[in-house]
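Novice: Next come the chains, spelled out residue by residue.
4 protein chains.
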Amino acid sequence: MSAPKKVVLAYSGGLDTSIILKWLQTEYGCEVVTFTADLGQGEELDPARKKAELLGIKPENIYIEDVREEFVRDFVFPMFRANALYEGLYLLGTSIARPLISKRLVEIAAETGADAVAHGATGKGNDQVRFELAAYALNPEIKVIAPWREWDLTSRTKLLQFAEENQIPIAKDKRGEAPFSVDANLLHTSSEGKVLENPADEAPDYVYQRTVNPEDAPDTPEYLEIGFEKGDAVSINGEAMSPATILTKLNEYGRKHGVGRLDLVENRFVGMKSRGVYETPGGTILLEAHRGIEQITLDSGAGHLKDSIMPRYAELIYNGFWYSPEREMLQALIDESQKFVTGTVRVKLYKGSVRTVARWSDYSLYSEAHVTFEEDAGAYDQKDAAGFIRLNALRLKLLATRNRRVKG
Amino acid sequence: MSAPKKVVLAYSGGLDTSIILKWLQTEYGCEVVTFTADLGQGEELDPARKKAELLGIKPENIYIEDVREEFVRDFVFPMFRANALYEGLYLLGTSIARPLISKRLVEIAAETGADAVAHGATGKGNDQVRFELAAYALNPEIKVIAPWREWDLTSRTKLLQFAEENQIPIAKDKRGEAPFSVDANLLHTSSEGKVLENPADEAPDYVYQRTVNPEDAPDTPEYLEIGFEKGDAVSINGEAMSPATILTKLNEYGRKHGVGRLDLVENRFVGMKSRGVYETPGGTILLEAHRGIEQITLDSGAGHLKDSIMPRYAELIYNGFWYSPEREMLQALIDESQKFVTGTVRVKLYKGSVRTVARWSDYSLYSEAHVTFEEDAGAYDQKDAAGFIRLNALRLKLLATRNRRVKG
Amino acid sequence: MSAPKKVVLAYSGGLDTSIILKWLQTEYGCEVVTFTADLGQGEELDPARKKAELLGIKPENIYIEDVREEFVRDFVFPMFRANALYEGLYLLGTSIARPLISKRLVEIAAETGADAVAHGATGKGNDQVRFELAAYALNPEIKVIAPWREWDLTSRTKLLQFAEENQIPIAKDKRGEAPFSVDANLLHTSSEGKVLENPADEAPDYVYQRTVNPEDAPDTPEYLEIGFEKGDAVSINGEAMSPATILTKLNEYGRKHGVGRLDLVENRFVGMKSRGVYETPGGTILLEAHRGIEQITLDSGAGHLKDSIMPRYAELIYNGFWYSPEREMLQALIDESQKFVTGTVRVKLYKGSVRTVARWSDYSLYSEAHVTFEEDAGAYDQKDAAGFIRLNALRLKLLATRNRRVKG
Amino acid sequence: MSAPKKVVLAYSGGLDTSIILKWLQTEYGCEVVTFTADLGQGEELDPARKKAELLGIKPENIYIEDVREEFVRDFVFPMFRANALYEGLYLLGTSIARPLISKRLVEIAAETGADAVAHGATGKGNDQVRFELAAYALNPEIKVIAPWREWDLTSRTKLLQFAEENQIPIAKDKRGEAPFSVDANLLHTSSEGKVLENPADEAPDYVYQRTVNPEDAPDTPEYLEIGFEKGDAVSINGEAMSPATILTKLNEYGRKHGVGRLDLVENRFVGMKSRGVYETPGGTILLEAHRGIEQITLDSGAGHLKDSIMPRYAELIYNGFWYSPEREMLQALIDESQKFVTGTVRVKLYKGSVRTVARWSDYSLYSEAHVTFEEDAGAYDQKDAAGFIRLNALRLKLLATRNRRVKG
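Protein chains in written order, with numbering that gives the first Met the number 0: chain A, 0 to 407; chain B, 0 to 407; chain C, 0 to 407; chain D, 0 to 407.
Some hints could be false.
Copies of one chain are not kept apart here, so a pair can be met inside one copy or by any two copies together.
As the list claims (entries may be wrong) - 30 Å max Cα-Cα, derived BS3-like pairs, lysine-lysine:
#1 K338 with K102
#2 K102 with K229
#3 K49 with K338
#4 K382 with K142
#5 K347 with K255
#6 K229 with K338
#7 K255 with K21
#8 K248 with K347
#9 K4 with K57
Treat the hints as calculated values from the structure; they're not laboratory data.
With the rest of the complex left out, here is chain A (with noise of 0.2 Å):
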């Protein structure tokens, strides 16, 4: 790979891609531009900027957005229309954070004419796959600049050392390394490393920020009505919203009650198991809301074929393969099964737990005078059953019969 001439890096303004930004002016001798995205993770953006320009970056060279609409509507919604779980657990909340900064990352080295882009995640991890197999996919040509694999700085002393060598301003409580590693947005906050890195020790309750204890929260339940339209959540009781103004809505109700805590062992694309603590407050809500409305709104097929193919769709968000034929065939799939999801789903959220109770719909399946235990009106005929299930029974009695034959 040649040198880079000019490199978009995903900046956050904090200690460590500042190094990153610095390092790639004196390594590299180039142009940085910088992106720092408002992904909702509750930082402001300000700073960003005043320390880009404090590090010799041009004005026009410092991109600072707000994307948080487009996360919701176009990553997290169509994410949450598949009920993604990976591993049965965890809700991808970073995984599909990545692609929409490496998208906007690629189209900023469009614009500013750049022919790199650089992240600041490590060797070790799955953002380094999802940032560049994103980048990758939107523009075969471009360069990526991974730090963290090339550089020397591979400790904290030495990273603290290069800082200060260069006039990288060091705020007091980052002198110390911080007992865990955090990555927040919209959707979730993660923790992981130092503290957690047992498995077998119980996290500490201080690594817990985005929600708060279940045992300190209301004693009395809270019910909310959420609305959905085609798959996406639409309203709160009664109200309609954004899609960003909706997950940070149901983040409020979800911290508040202590919903979407999870404590995981997961396994990383690159081979190793790692231990996360993740908080998602408000898609933990969402989840349990969307499989509501889907109960009364999809039928056994439509239902049955998308639960069958979630556990793939789900790794490739998580291995950061959202810009791929595969992921966007399977998204073609589940977006055809939610034309008629639409309707309200009444959740009840208690002491770090929201569970469905009731929902309706005018798409609804549900059948009363299919299913009731009154007689009959004539919308099914019991005797029906017995021929369903003679038929279904014959393949498995002509095995009986085989059986005993070749054993007798």
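Please arrange chains B, C and D on chain A, whose structure you already have, making use of the hints.
Specialist: Just chains B, C and D now, kept in the frame of chain A:
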């Protein structure tokens, strides 16, 4: 089908199966053998014997058996190795009990020279299918009688009248109609019908019988340590127990903390949707813990394959295909994966929820040396990730190049 | 089911459906509308009109239609996009025609105010299921009459007697029984029953009607170039043609070279095995060529996903679920993959076989620069493979290390 | 990776692996052990011994083994139980041989105290992945040396120069470059590269080495009867044979009749497409016959489950994951299905094609009594089909009713 001469009836001792018993005697003039199983439903079996005698069943034709250990060891545990959930949520508590009952019915038929078996399931539900597919799979010559699909006792009034005409004792509380219908065994209690028929109405509190309301559960969380060997639970808090004992104990813990409630609209095999309220206190704990131990003992290849076939496995059990080659093939796959699923999981119970908080095992695949944020000791070379990503990206680059070319 | 007043009958003009026509008139006293479709079965349709008139059908109640283009464009081609094979071998020639017939029956019922449809399939086969599932899916109120399941004309003798009593003309060659039963349309001819019932006996030569015996085929191979656009065949040897014309032409080529014979024992949806002899000359060529063009235009992610869902898609069509949400969801997935399946394939026909020998496309993903044995021009860095393999191996190494440890 | 001290090399005796042998000695100064396996590639092994000795390998370090029986019994046959085809067409002839070679390399390394293994596969193909994944899975400590990824002998000229400088004899016909590259074993011969690199050009006739041109095959068809036990072939025309003998014989029959040629563009695991010409004469017959015997001995539940997981199984073998938990889990599933796959199949060979024409078995599930067109003898009640269809249609009716309502 020619008339049966001798029938083995799945007999609970309750009013409905007593009416069936009498109806079989009068309608077909056939000898009846009763089979009453203790599956952990929490009812005395002695009254069933007395009632059968009262209805004229010969002592040698009355079979009463405690099958709880067999139920958990040979049916519940194999199913939990798969983390089976029907439609994402249902733990299959009723489905998994039916094949065992059918198996004993068919075996008792062979012992007693009976040519038929009978059950009390209606013509609208899944249980008729489960009973009958299992019976036919185990004995292709057996006749199956399903009175609810045959007789004209199609209303409560007619049933009570038949009972009175035939001197069948009617408990006082059975004169009126129950507000909902119940099935129970050691794994779960299900409730459906009547007051539950409108899925837009929250289930009333009195429906729940097996668990305390989470709001009434203890204010203090409780921890359990569950030991596993080859995928099956073998101990609680270090104390070894038999399968049925473990499930019984977990049920007690779950009940106390309000764990395992589910309000679900599901798709029946016979084509309609129905709404059920399920309480699976011990099973919900067991599923969470089993997932917890798999997290560190199963690699991603095994785990993801299991996840991908789970929906099909669950559907087979739900639909009544326990005794089918495809269920047995999937079981062989699942059991093959569980050889090293051995270790201990700590879970935390609190007001309706159960969460894995720690897990450890001599068979762990988790490697701190690989995952650590500390400087590498050589276990993992971050530079490998560059090649890994580039080859994973290669086809995406070729796609992007092609797409540019043809769109350009 | 209340008696039907007006019935649309799938009418071939042959003896059996003529008997059905009369039986419907006499048994139900209902008005009959006949629908006769040209699906490419190779029979004149005029006699069907005359015969219907002779049997008292009013001219406005006689529907005769050429649906070949619709058949190939909307049914056959979408199915071939999936490379669908039932049980690994069967090209689904009968299965794919039934939904179209049902669709027209239901549409004609709506046009003519009929409340029922009728078909001539027996109670043992798959076709009854296909006809009826499609009809119910398109009109949930429609009545379906399946005379073969209802009447007592259960032997050849009774049928002929009924025909004579009702002045239904009987062709001379229909007096005796045919040695096997045939279904044909533009995609295939199937033969089953009677002389084919023992799967241990080779099918006699006279069963094959649609293809020459490979041993009698030309001694010289013939090449074809088939052009594709978005997954569908659009030209032969450079000449653009309509869907039905292409299939007709491919049938001629296939017939001449003895291509597309299959002798199969398959599993019917109703639970039994049956043996069929299928001739699918053009379809066999089309499948081979479609695979050939996908080889260069589809990437592995898309191709492998398609392969993995194909058996389910084929099973749905075989079982009669063309008009089901899950078939439509899978179709959405498949169609999404075909956007760039455009190009040309050269196949070689010779004495019963068809083989792809060359393929090219402006949309090709094949890159000689990457695959060449020549020295690299930089397209691919072989050293990347080392990291790729090491990370793919990482979990296997961790497994091996664990297994060594625990086995001591 | 520290330098290896003793290396076990997969050694063919040819020029390329002789160069590797020398290069290992000179580059790493390490002791070399050679392993030459007779996998049925049709070459004498004695010259390999002589050449190894000539290159200075000590006699006790020269391993030459006939592994044909193990190859067919433990690798080829288990794979054929699955009817495995990669990308719909490829019989995996190369893929399935690699794990066996790696297994012996690792075992010999243990016997001889070697710390490394080496192979002659390039950095562009699949074989490097297969060799190395297998090696790491069997010994996580082993070092793997892949000279083609390391050295600078990147052109034919440099290789020949190295050979000359190191006194490696060069056969006359190796001075010029081969027009394509070949791999062979008892299952197949594959050819790729050079003259085959353009997939738009038909492969020249001289590429095919293992089968006669169908046009030159006998004008008279030939029949074979292949006996199976539990899914594996055990006899030809009534004569019992060992696994390798059976495959050898089938290869002879296949060669004679021009069976098993395939011209394919496939997707390599490393991300690029490549074009290969494969000849699998005996394997093609075996696959057809295995499908034939499964048709009558496997029920639809088992067969459809097998079909649905086959693409994944084939992909695992292609990608080199033979020694992975997921391949072993799938194998357990497949093997479970084969318990009664016992019986005989008659196939017909003619000018490039093989077709099942008859099959019979004591374990047959085929029931003429059920399928017959004759009047029923009570095995099957056609009226059962009505209930079967109505319940299968129920959800479709509910869907249609809902869709009318909401669209109306």
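Novice: Using 30 Å as the alpha-carbon threshold, which applies to K338 and K102: within, between, both, or neither?
Specialist: both (28 Å within a copy, 22 Å between copies)
Novice: With identical chains treated as interchangeable, where does the CA-CA distance between K382 and K142 reach 30 Å or less: within a copy, between copies, both, or neither?
Specialist: between (68 Å within a copy, 16 Å between copies)
Novice: Between K102 and K229, at a C-alpha cutoff of 30 Å, which is it: within one copy, between copies, both, or neither?
Specialist: Answer is both; intra-copy 26 Å and inter-copy 27 Å each pass.
Novice: Is it within, between, both, or neither for K347 and K255, if the alpha carbons may be no more than 30 Å apart?
Specialist: both (13 Å within a copy, 20 Å between copies)
Novice: Given identical chains, is K248 near K347, meaning Cα to Cα at most 30 Å, within a copy, between copies, both, or neither?
Specialist: both (15 Å within a copy, 28 Å between copies)
Novice: When no copy is specified for K255 and K21, does a C-alpha distance of 30 Å or less occur within a copy, between copies, both, or neither?
Specialist: neither (41 Å within a copy, 58 Å between copies)
Novice: As a check of your reading, is K229 near K338 (CA-CA no more than 30 Å) within one copy, between copies, both or neither?
Specialist: The answer is both: 5 Å in one copy and 25 Å across copies each meet 30 Å.
Novice: When Cα atoms must be at most 30 Å apart, do K4 and K57 count as within-copy, between-copy, both, or neither?
Specialist: within (15 Å within a copy, 55 Å between copies)
Novice: When no copy is named, should K49 and K338 be tagged within, between, both, or neither for a Cα gap of at most 30 Å?
Specialist: neither (46 Å within a copy, 46 Å between copies)
Consistency note: the structure conflicts with the earlier hints numbered 3, 7.
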